[in-house]
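**Q** Can you build the whole structure from these sequences, using the hints too?
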Amino acid sequence: MRIVSLNIGRPNIVIRNGRQYSTSINRKPVAGAIELSEQGLSGDLVSDNNVHGGPDKAVCVYSREHYAQVAAWLSEARGDPVELAVPSFGENFTTTGMLETDVALGDVFRAGQALLQITQPRQPCFKLAAKLGDPRAIAWINERRCCGFYFRVLETGLVAEGDSLERVERPAAHYTIDRLMALRLARGPDPAELRVLAQHELLSASWRKWARQKLAGEEEE
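For the sequence shown, the positions run 69 to 289 when the numbering used here is used.
Honestly, the hints are just simulated from the structure, not real lab data. Model, not experiment: these values are computed from the prediction. Note that CB positions come from ideal geometry on N, CA and C, so glycine has one too. Take these hints with a grain of salt, some might be off.
Listed next, with one range per pair, are the computed distances between beta-carbon atoms [what the hints assert, rightly or not]:
{"#": "1", "residue 1": "Arg235", "residue 2": "Glu269", "range": "14 to 22 Å"}
{"#": "2", "residue 1": "Glu144", "residue 2": "Glu237", "range": "39 to 47 Å"}
{"#": "3", "residue 1": "Ser105", "residue 2": "Gly147", "range": "38 to 46 Å"}
{"#": "4", "residue 1": "Val264", "residue 2": "Ala153", "range": "34 to 42 Å"}
{"#": "5", "residue 1": "Val154", "residue 2": "Ala284", "range": "37 to 45 Å"}
**A** Spelled out as structure tokens, the structure:
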């Protein structure tokens with residue numbers, strides 16, 4: 069498991085299909101060591117604090133292994149070859165060896181001087197679909213659950229491209245990112261699962277809130 073690219077960006081105004089919005093999704097790779105704080109990489113700013121950033125979502129992570137399959141799908145859909153340059157998914161860390169089926173909620177990793185912990189899956193939004201140039205991208209990614217995930221920062225410090233990601237703790241191995249995303253997308257998630265997630269201290273605050281709201285809706289029916 070390794071960081072193959074560190075990527076940062078700042079909010080920019082984008083106009084696509086007559087729609088104007090602010091986004092930091094067009095991040096760029098940076099060389100050398102970068103300070104990682106509890107709010108994320110130095111020099112990286114998010115455009116919408118309601119859905120990005122903050123301690124629970126300090127670092128967005130996406131697997132380099134997914135690039136080929138997404139590019140192949142886009143190429144077939146467009147009828148022309150598509151190449152995706154890192155970081156085409158707006159991630160802060162582009163990684164290898166960290167597929168959604170292999171990493172889980174609460175997993176703790178050492179990267180350089182920093183210590184990081186997985187908090188939740190990343191949910192693709194219309195801005196990612198716009199960047200990829202196909203509105204069907206959200207559904208395609210969700211169906212395959214090649215979504216990526218977020219880290220919180222337990223210990224700050226320098227990180228760099230090429231740093232290994234050494235897993236040092238695995239407290240909730242059964243809640244893989246793949247499984248969490250499947251629960252989120254399910255039409256009728258198990259209420260028992262929702263009760264666990266609603267109180268799970270390792271899960272991000274926003275996902276605990278979703279579990280509570282979903283549970284309340286299930287119990288009202």
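**Q** Broken hints, numbered, in rising order?
**A** Structure breaks no hint.
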